[in-house]
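Protein chains in written order, with this note's numbering: chain A, 1 to 119; chain B, 120 to 346.
Fair warning: there could be bad hints in the mix.
Said to hold, decoys possible - Stretch by stretch, here's where chain A covers chain B in the computed footprint (C-beta under 8 Å, at least three residues): (1) 157-171; (2) 213-226; (3) 230-238; (4) 266-276; (5) 280-289.
These aren't lab readings, by the way, just hints derived from the structure by calculation. If you're wondering where the values come from, they're calculated on a predicted model, not measured in any experiment. All residues carry an ideal CB built from backbone N, CA and C; glycine is no exception.
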Amino acid sequence: MRCQLAIATIFAVMVMAGQAGAEDGNRGKVLYKAYCSQCHGMEADGYGVNAGYMEIQPKDHTEAKEMNARTDDDLFKAIRDGGKAINKSVLMPAWGKNISEEDIWALVRYLREISATED
Amino acid sequence: MFRSTIKKLFLGMIVVSSGAAAEGPSDRLKEECSACHALSEVTLDAQARMAQKAPPLYYAGTKYRRDWMVSWLQNPARIRPGGMFSGNHTVVTDDGDDIDPITLQDHVKLSANNATEITDYLMTLTAKSDLIIAGEYKPKSVSKRMGEMNFIKFKGCGSCHQAEPDYGGVSGPELYTVFNRLKPDYIVSFIRDPIVWQGVSLMPSTGLNNREIYKLVDYLKLLSGEN
Numbered sequence: 001m002r003c004q005l006a007i008a009t010i011f012a013v014m015v016m017a018g019q020a021g022a023e024d025g026n027r028g029k030v031l032y033k034a035y036c037s038q039c040h041g042m043e044a045d046g047y048g049v050n051a052g053y054m055e056i057q058p059k060d061h062t063e064a065k066e067m068n069a070r071t072d073d074d075l076f077k078a079i080r081d082g083g084k085a086i087n088k089s090v091l092m093p094a095w096g097k098n099i100s101e102e103d104i105w106a107l108v109r110y111l112r113e114i115s116a117t118e119d
Numbered sequence: 120m121f122r123s124t125i126k127k128l129f130l131g132m133i134v135v136s137s138g139a140a141a142e143g144p145s146d147r148l149k150e151e152c153s154a155c156h157a158l159s160e161v162t163l164d165a166q167a168r169m170a171q172k173a174p175p176l177y178y179a180g181t182k183y184r185r186d187w188m189v190s191w192l193q194n195p196a197r198i199r200p201g202g203m204f205s206g207n208h209t210v211v212t213d214d215g216d217d218i219d220p221i222t223l224q225d226h227v228k229l230s231a232n233n234a235t236e237i238t239d240y241l242m243t244l245t246a247k248s249d250l251i252i253a254g255e256y257k258p259k260s261v262s263k264r265m266g267e268m269n270f271i272k273f274k275g276c277g278s279c280h281q282a283e284p285d286y287g288g289v290s291g292p293e294l295y296t297v298f299n300r301l302k303p304d305y306i307v308s309f310i311r312d313p314i315v316w317q318g319v320s321l322m323p324s325t326g327l328n329n330r331e332i333y334k335l336v337d338y339l340k341l342l343s344g345e346n
């Protein structure tokens with residue numbers, strides 16, 4: 001009985017550790033869906049459900065050419081402090097109070113992944 | 120832990136069976152409404168927020184206006200054009216993303232008696248009232264044109280919220296009836312910091328100052344007055 005319990009515990013810990021690992025890799029994707037897809041689109045192409053009502057169009061994050069022109073620090077700053085901080089539209093909100101810095105970096109990595117670009 | 124689960128199951132059975140004998144508003148809420156609405160404190164993360172089925176009601180007395188709730192429960196017109204989380208109701212089309220209205224459920228309708236009884240009970244749930252500064256909001260007048268420009272262009276609220284039926288962003292609740300729905304001091308507090316209410320918010324917390332917040336609420340008041 002005690003032995004079974006120990007095995008069950010080890011198994012549970014392994015499962016939980018596995019989930020935590022997977023979650024980490026997915027973090028940027030999950031955050032993007034929650035906070036960004038409403039404007040930038042479920043496929044990150046700039047055509048979110050709100051885009052039709054906006055005077056300035058949300059950026060297409062799959063567009064490698066434009067994404068290549070940005071450093072990771074540019075992207076980080078745009079997300080944390082909003083469009084205004086990088087001389088772009090205020091319609092890109094500042095997310096620094098909603099999303100931790102660590103998670104904003106996860107978003108930057110996710111943007112690099114979907115645009116197949118680098119810093 | 121196992122024992123406490125059994126205890127909970129057992130307690131649940133007692134609640135259900137006694138509910139059948141003499142049904143009060145709090146029993147009805149637990150049985151019918153708690154499937155979607157949180158009736159006790161929960162703190163969400165982004166993932167849980169996306170899965171959230173309905174707005175929490177455990178601080179309803181702090182947030183909602185009584186008269187609005189009594190009438191809405193009898194005739195529940197849609198408040199969130201994109202549902203609780205728009206990403207769960209979005210279809211990707213060649214013309215861009217769109218809300219698929221078929222995936223949005225109609226809300227349960229209550230009789231006048233039940234609506235009044237349940238609302239009066241909900242109004243006693245005043246958790247989180249420490250986040251409100253009572254009497255803070257003092258209405259001032261604002262012109263429709265200036266208010267709208269501020270709301271859409273300068274503050275970017277119109278990207279996610281409708282300021283009139285069928286016009287404006289669809290990922291947030293419509294705001295043309297919000298002043299009739301919610302207590303003014305709650306609206307002020309929510310705009311000041313949307314995150315504190317549920318531990319997470321899909322609305323950006325942008326640190327507006329009091330004057331900017333009151334101006335926005337003046338505009339929301341104007342919108343609701345016209346409807």
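Comparing the hints with the structure gives:
| no. | hint | in the structure |
| --- | --- | --- |
| 1 | 157-171 | holds (count 4) |
| 2 | 213-226 | holds (count 5) |
| 3 | 230-238 | violated (count 0) |
| 4 | 266-276 | holds (count 5) |
| 5 | 280-289 | holds (count 4) |
The structure shown violates just one earlier hint, number 3.
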